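**Student:** Listed below, chain by chain, are the residues.
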Amino acid sequence: AQTVTQSQPEMSVQEAETVTLSCTYDTSESDYYLFWYKQPPSRQMILVIRQEAYKQQNATENRFSVNFQKAAKSFSLKISDSQLGDAAMYFCAYRSAWSSNYKLTFGKGTLLTVNP
Amino acid sequence: DTEVTQTPKHLVMGMTNKKSLKCEQHMGHRAMYWYKQKAKKPPELMFVYSYEKLSINESVPSRFSPECPNSSLLNLHLHALQPEDSALYLCASSQGATGPRRPMNTEAFFGQGTRLTVV
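Protein chains in written order, with this note's numbering: chain A, 309 to 424; chain B, 1118 to 1236.
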C-alpha cells in the first residue's frame, strides 16, 4: 500500500517570501501521479499542481513549483512571493497511474500561515 | 465549466432523520467520489462510482447509501446517523478509465462540501 507523509503540521511565511512544504511517499510502483491540493477556510479542495512520475521535469504553475526526486520519493512544493491568499491547509496526494480504482492517498496536511 | 456543485452547503439533522446530499458535475467525468473529512484531517474516501457503477465501498456503514442516477449526478442518502458522523462531506469527480490503462487526466475536482451536523 502507498503512504504519503507530510512531516510539517504547520508552517508560516512572511508575505512576499518563499516557503517550501515537504512531502515524502512510499510506493513500489514506477508509474504514478503526485498532486498538491490547497484547502482554504472556504473548504474547497483546489488542485495546485500535478506531477507525472515518468516526467523528469519539475512541474510549475505560476508561483508554485515542485522539486520531484523520484529516487528519494520526495515531492516538495515551493511557493514563491507568498500572498495572504495562499494561507490554507496543503495536502500532498498520490495516485497510481495504472490502477482503475481512482484512489487518492493523502498526507496529513500542512497548515500554512502567511503573515503580513 | 470545471465546477462540482454540492447541495446543501450546511445540514443539521437528528439521529432519526433521513436526508440526502447531492452532487452535480457537467465536465463529462465518468468517475465520481464521496469523501468524509473531519476537522484538520485529510479526506477519507467513502465511495467511488465509475461509469455509474459502484466501484469502491471503503467499508462504509449502511446508514450511508450512495446513488448515481446518471453520469452527472451523485447522491448520498443518510439515515439513522450518529453524532460522530458529523463532518464535511466532499464530492469529487475525475475522468474515468475502463481498465488498468493510464487515465488521460487524473486530477480530481472537488466540490465545496456539505457541512453535516448530527444532533
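Any given hint could be a false lead.
Pairs of lysine-lysine residues, derived as DSSO-like cross-links and limited to a Cα-Cα distance of at most 30 Å, are as follows [claimed, not checked]:
| hint | chain 1 | residue 1 | chain 2 | residue 2 |
| --- | --- | --- | --- | --- |
| 1 | A | K381 | B | K1170 |
| 2 | B | K1153 | A | K411 |
| 3 | A | K381 | B | K1155 |
The calculated label-pair distances, taken between Cβ atoms and stated as ranges, are [stated by the list, open to error]:
| hint | chain 1 | residue 1 | chain 2 | residue 2 | range |
| --- | --- | --- | --- | --- | --- |
| 4 | B | S1179 | A | I354 | 47 to 57 Å |
| 5 | A | N370 | B | N1134 | 42 to 52 Å |
| 6 | A | S338 | B | N1134 | 44 to 54 Å |
Source of the hints: derived by calculation from the structure; they are not laboratory data. Quick caveat: nothing in here was measured; it's all calculated off a predicted structure. Beta carbons are placed, not taken as given, at the ideal position from N, Cα and C, and that holds for glycine.
**Student:** Hint by hint, say whether it matches the structure.
**Tutor:** Hints versus structure:
{"no.": "1", "hint": "A:K381 / B:K1170", "verdict": "34 Å, violated"}
{"no.": "2", "hint": "B:K1153 / A:K411", "verdict": "14 Å, holds"}
{"no.": "3", "hint": "A:K381 / B:K1155", "verdict": "28 Å, holds"}
{"no.": "4", "hint": "B:S1179 / A:I354: 47 to 57 Å", "verdict": "32 Å, violated"}
{"no.": "5", "hint": "A:N370 / B:N1134: 42 to 52 Å", "verdict": "45 Å, holds"}
{"no.": "6", "hint": "A:S338 / B:N1134: 44 to 54 Å", "verdict": "48 Å, holds"}
Against the hints set out earlier in the document, violations occur for numbers 1, 4.
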